[in-house]
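Undergrad: Given next are the chains, with one letter for each unit.
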Amino acid sequence: EDKVVQSPLSLVVHEGDTVTLNCSYEVTNFRSLLWYKQEKKAPTFLFMLTSSGIEKKSGRLSSILDKKELFSILNITATQTGDSAIYLCAAPNAGGTSYGKLTFGQGTILTVHP
Amino acid sequence: NAGVTQTPKFRILKIGQSMTLQCTQDMNHNYMYWYRQDPGMGLKLIYYSVGAGITDKGEVPNGYNVSRSTTEDFPLRLELAAPSQTSVYFCASKAGPQETQYFGPGTRLLVL
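In order, the protein sequences belong to chains A and B.
Letter by letter, the first sequence follows residues 48 to 161 of the working numbering.
Letter by letter, the second sequence follows residues 829 to 940 of the working numbering.
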């Protein structure tokens, strides 16, 4: 059974701090790993990682994948209160199909205080 | 272009009642998904569809049914609501197997 595990489950920081969120996975026929940010409503897409060691960046957010260790991290530098959200990590299920059913981790609840 | 829309936003049901959660996308996506999200549990896949007329079970299908008569619509049916179905339900769609999923705003359901 495919599994995605995130840590920590929750994190409280102050504005300006740097945070690192972790995601480990066990997925048959791994293709990619995705990061989403969820504020009050629906998850919004952040990154899709397919290659090991290549960092994806978007402003203060960056993410990298280690396919040998089955691990990904999401970094947020100079955090702002607007970064407060649940961060979800997910991996598409394989099994010979391309239906892209996602297995999600539990999520990390990030709270940034002013 | 509205993307993925869901109705209602919030609903309270009594045990044993039935209802349909609506999901519509206007992006001509073939792939559509229903998830439920419980606190601290991430998202769990209920049902999915790879095109009109084709549906299949996800991780947690018991107590739910779906249909996909058109590309745009993917309603989720609860026949006999139970307290365990209290959750937030998200519908999502994507164009193809390698594409990113786009999520609707969610429906919060409370079964009492």
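One or more hints might be untrue.
Using C-beta positions, here's what the derived DEER-type ranges look like [stated by the list, open to error]:
(1) A/Gly-106 with B/Leu-940: 27 to 33 Å
(2) B/Thr-898 with A/Pro-55: 23 to 29 Å
(3) B/Lys-842 with A/Lys-114: 31 to 37 Å
(4) B/Lys-842 with A/Ser-109: 34 to 40 Å
(5) A/Glu-48 with B/Thr-898: 29 to 35 Å
(6) A/Gly-63 with B/Thr-833: 34 to 40 Å
Treat the hints as calculated values from the structure; they're not laboratory data.
Quantities reported herein were computed from a predicted structural model and do not represent experimental measurements.
Don't be surprised by glycine CBs; every beta carbon is placed ideally from N, CA and C.
Undergrad: Determine for every hint whether it applies to the structure shown.
TA: Hints and how they fare:
For A/Gly-106 and B/Leu-940, the hinted distance range of 27 to 33 Å is not satisfied, since their beta carbons lie about 43 Å from each other. B/Thr-898 and A/Pro-55 have their C-beta atoms about 43 Å apart, which leaves the hinted 23 to 29 Å range violated. A hinted range of 31 to 37 Å for the beta carbons of B/Lys-842 and A/Lys-114 is inconsistent with their spacing of about 49 Å. One distance hint, 34 to 40 Å for the beta-carbon pair B/Lys-842 and A/Ser-109, is violated here, with the actual separation near 48 Å.
A beta carbon spacing of about 33 Å between A/Glu-48 and B/Thr-898 agrees with the range 29 to 35 Å that was offered as a hint. For the pair A/Gly-63 and B/Thr-833, the beta carbons lie near 38 Å from each other, so the given range of 34 to 40 Å is met.
In terms of the numbered hints stated before, the structure departs from hints 1, 2, 3, 4, listed from lowest to highest.
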